[in-house]
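Student: If you're matching them up, the sequences are chains A and S in order. For the first sequence, the positions run 1 to 405 when the UniProt record's numbering is used. For the second sequence, the positions run 1 to 130 when the UniProt record's numbering is used.
These are computed hints drawn from the structure, not numbers from a lab. Note that the Cβ used here is the ideal one computed from N, Cα and C, for glycine as well. Just so you know, not all the hints are guaranteed correct.
[Claimed, not checked] Distance windows between CB atoms, simulated:
(1) A:Glu36 x S:Gln111: 51 to 61 Å
(2) A:Ser385 x S:Asp55: 50 to 60 Å
(3) S:Pro102 x A:Glu403: 52 to 62 Å
(4) S:Glu5 x A:Glu37: 34 to 44 Å
(5) A:Gly368 x S:Glu5: 23 to 33 Å
(6) S:Leu114 x A:Lys358: 23 to 33 Å
(7) A:Leu404 x S:Glu47: 46 to 56 Å
(8) A:Phe264 x S:Lys130: 38 to 48 Å
(9) A:Tyr3 x S:Lys43: 51 to 61 Å
(10) A:Asp59 x S:Val35: 53 to 63 Å
(11) A:Asn90 x S:Glu47: 52 to 62 Å
[Claimed, not checked] The following residues of chain A were derived to be distant from chain S, with all beta-carbon distances above 12 Å:
(12) Gly50
(13) Arg120
(14) Arg194
(15) Gln198
(16) Val227
(17) Gln316
(18) Glu322
(19) Ile369
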Amino acid sequence: MKYETDVVVLGGGGGGMAAAKAADKNGANVILIEREEENGGVLNQCIHNGFGIHYYRKDLTGPEFKETLQEELEHTNVKVLNSAFVLDVNKDKQLTFVNHKGIHEIKTKALVMATGARERHFNSLAVPGDRVAGIFTAGVAQKYINLQNLKPANSALIVGSGDIGLIMARRLHLEGIEVKGVVEILPYPGGLERNVQQCLRDYNIPLYLSHTVTRVEGNKRLGKVYVSQVDENRQIIPNTEKIFNVDSLVTSVGLIPLTDPIKFVETAPGFITSNTNQTSEDWIFAAGNCTVVFDLVDYVSREGEKAGKYAALYAQNQYFPEQKVKVIKGKNINVLHPMYIDPNERTKLYLRVSKTFKRAEVTVEPLGIKMVEEEARPSEMIEISMKPFKDKNLKEIEVSARELG
Amino acid sequence: MNSVEYKKKKVVCTTCPLGCKINVIYADADEIEIVEVKGNRCKRGLEFVKQEITDPLRVVVTSVKVEDGEIPMASVRSDKPVPLRLINDIMKILKETKVKAPIKRGDVVIQNILGTGSDIIATRSVNRKK
Ligand SMILES: Cc1cc2nc3c(=O)[nH]c(=O)nc-3n(C[C@H](O)[C@H](O)[C@H](O)COP(=O)(O)OP(=O)(O)OC[C@H]3O[C@@H](n4cnc5c(N)ncnc54)[C@H](O)[C@@H]3O)c2cc1C
Ligand code: SF4
Chain A
1 MKYETDVVVL GGGGGGMAAA KAADKNGANV ILIEREEENG GVLNQCIHNG FGIHYYRKDL
61 TGPEFKETLQ EELEHTNVKV LNSAFVLDVN KDKQLTFVNH KGIHEIKTKA LVMATGARER
121 HFNSLAVPGD RVAGIFTAGV AQKYINLQNL KPANSALIVG SGDIGLIMAR RLHLEGIEVK
181 GVVEILPYPG GLERNVQQCL RDYNIPLYLS HTVTRVEGNK RLGKVYVSQV DENRQIIPNT
241 EKIFNVDSLV TSVGLIPLTD PIKFVETAPG FITSNTNQTS EDWIFAAGNC TVVFDLVDYV
301 SREGEKAGKY AALYAQNQYF PEQKVKVIKG KNINVLHPMY IDPNERTKLY LRVSKTFKRA
361 EVTVEPLGIK MVEEEARPSE MIEISMKPFK DKNLKEIEVS ARELG
Chain S
1 MNSVEYKKKK VVCTTCPLGC KINVIYADAD EIEIVEVKGN RCKRGLEFVK QEITDPLRVV
61 VTSVKVEDGE IPMASVRSDK PVPLRLINDI MKILKETKVK APIKRGDVVI QNILGTGSDI
121 IATRSVNRKK
């Protein structure tokens, strides 16, 4: 069978579902492809609340957010293909996917990539010691416990204090698994303050800041984890070693945008896009964690909508950006998204500062935009809304942050 | 004279997305008395702080077993926050809880759990096994 359509959305998570919905609303024929049996992506396993506060103005759990979005999608003409894995996207605007019936091809006019991110694995930390059972990523532990009713540990140590690590600490604790602590190499927690409170302090789970895992030991199954304190340069401080007797080590050490199977689009490491979510390849748009890793699904879905809308307009020959202004990372900016701006359209800038500030002033020059953020931390994404600016001579703008006295 | 212990606490208000970081100083005697509150952008923050230092409330989230379901677990939560001090007891009850498929998002799994006035509701739908 050969399919033909205006817009293909690749990935059915919070980003992809919102993109498909918006592309349909903007008059395009849409096919959404998802490799799992059901849509939702990571939302399915994130059973805690804290989703949807901006997008739906309600405090929902991951599955509730997903089902709400899914129901909206069912009121559209979007064709959803589940259990379908995309193997290849080529420059002739053709996609190849496999499902239980075989290999198929789709011809499209525009594509939205919404493939999400994958978890960085423990092996990427280069910690010496035995490679034994009992070491897994937070996402894997979450799937076991929340979806499969398995108990993957009796006692655990968690590496990484981002939101995912914090939430898993609470989850394991409430499941009767002894959580001996959360180890964080940075001098401050990686996750939101509210999660430090609700996930660790509420249950007296210790947080070891400026600490790292130096060694793991075990015979077939993990038995001991060695942890030491580090200095400002992340060098191990001698004689600070602690030994934890645990049978599991849960890692939550970051997400990496997933850009497979596309190889011919600009990435760093996720897809680089403009404010209309267009990539370096005109007909390919991208949204969600495959561009940069977002704090909230609310942002992901909003970006998804935008990608879906412009992909639909592009497919119907109604969107031709004339000008692209480059966005430059100035002082103290770690993550910046998007990297290009079509000045005829509105922009939402997302950024992370590169260190902690008591009071940070974020500026966008030469546009003269200033924003003051109390207690800005790299772990909390900052958003800036910008109006269209029709300045033909502007080639680039620069975003930077400085401490306010 | 009775000595009164003053306590200082940093509370993150979770009432609205602004998430104000509130510093509170209070006297922890027989009755809690708030001496100073700084950092809340509105009155609701004050209410939140009062609750937080007397009897903090949290939403419970977990999964319960499903019989005859397409998948073995259904996620659930409390429809209102419950006292943090009861969470362990509530988790014990939910660990023993089984529901029968089909189950729909929003279905009440346990009414008025431990007399808190809060219901445990399903947060996802699970179809019957085919
Ligand atoms: C543990 C955890 C806790 C979180 N907590 C919160 C929170 O409290 N509040 C909040 O707002 N956000 C939270 N988030 C973040 C939020 O869930 C994510 O940012 C958001 O859901 C990501 O959506 P996405 O669509 O970009 O990616 P995903 O959900 O990862 O979706 C990508 C989809 O693409 C599919 N796919 C990929 N490649 C292919 C292919 N080749 N063929 C077919 N399909 C493919 C995948 O199967 C997947 O379904 C949390 C995330 C995690 C992991
Ligand atoms: S104090 Fe008011 S404004 Fe601040 S987070 Fe609480 S409810 Fe929101």
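Student: Now tell me if each hint is right for this structure.
Tutor: Verification of the hints:
Range check, glutamate 36 of chain A to glutamine 111 of chain S: about 34 Å between beta-carbon atoms, so the 51 to 61 Å window is missed. Separation of serine 385 of chain A from aspartate 55 of chain S is about 39 Å and departs from the stated range, judged on CB atoms against 50 to 60 Å. Between proline 102 of chain S and glutamate 403 of chain A, the C-beta spacing of about 56 Å keeps the proposed range 52 to 62 Å intact. Here the CB-CB span from glutamate 5 of chain S to glutamate 37 of chain A is close to 57 Å, at odds with the stated 34 to 44 Å.
Range check, glycine 368 of chain A to glutamate 5 of chain S: about 50 Å between beta-carbon atoms, so the 23 to 33 Å window is missed. Taken as a hint, the range 23 to 33 Å is violated for the pair leucine 114 of chain S and lysine 358 of chain A, whose Cβ atoms sit roughly 43 Å apart. About 31 Å separates the C-beta atoms of leucine 404 of chain A and glutamate 47 of chain S, a value inconsistent with the hinted range of 46 to 56 Å. At roughly 42 Å, the beta-carbon separation of phenylalanine 264 of chain A and lysine 130 of chain S lies within the given 38 to 48 Å, and the hint holds.
Take tyrosine 3 of chain A and lysine 43 of chain S: their Cβ atoms lie about 56 Å apart, and the range 51 to 61 Å holds. A C-beta distance of roughly 31 Å is found between aspartate 59 of chain A and valine 35 of chain S, which places it outside the suggested range of 53 to 63 Å. Range check, asparagine 90 of chain A to glutamate 47 of chain S: Cβ separation about 58 Å, and the 52 to 62 Å hint holds. A cut-off of 12 Å between C-beta atoms contradicts the statement that glycine 50 of chain A is not in contact with chain S; the least separation is 9 Å.
The claim that arginine 120 of chain A lies off the interface holds: its Cβ sits roughly 26 Å from the closest Cβ of chain S, which is beyond the 12 Å cut-off. Arginine 194 of chain A, annotated as away from the interface, has a beta carbon of chain S within 12 Å; the closest lies near 5 Å. The claim that glutamine 198 of chain A lies off the interface is violated: its Cβ sits roughly 6 Å from the closest Cβ of chain S, which falls inside the 12 Å cut-off. Against the 12 Å criterion, valine 227 of chain A stays outside the reach of chain S, whose nearest CB is about 26 Å from its own CB.
With a least beta-carbon separation of about 35 Å from chain S, glutamine 316 of chain A lies farther than 12 Å from that chain, consistent with its non-interface assignment. For glutamate 322 of chain A, the shortest C-beta to C-beta distance to chain S comes to about 36 Å, beyond the 12 Å cut-off, and the non-interface label holds. Non-interface call for isoleucine 369 of chain A relative to chain S: holds, since the shortest CB-CB distance, roughly 21 Å, exceeds 12 Å.
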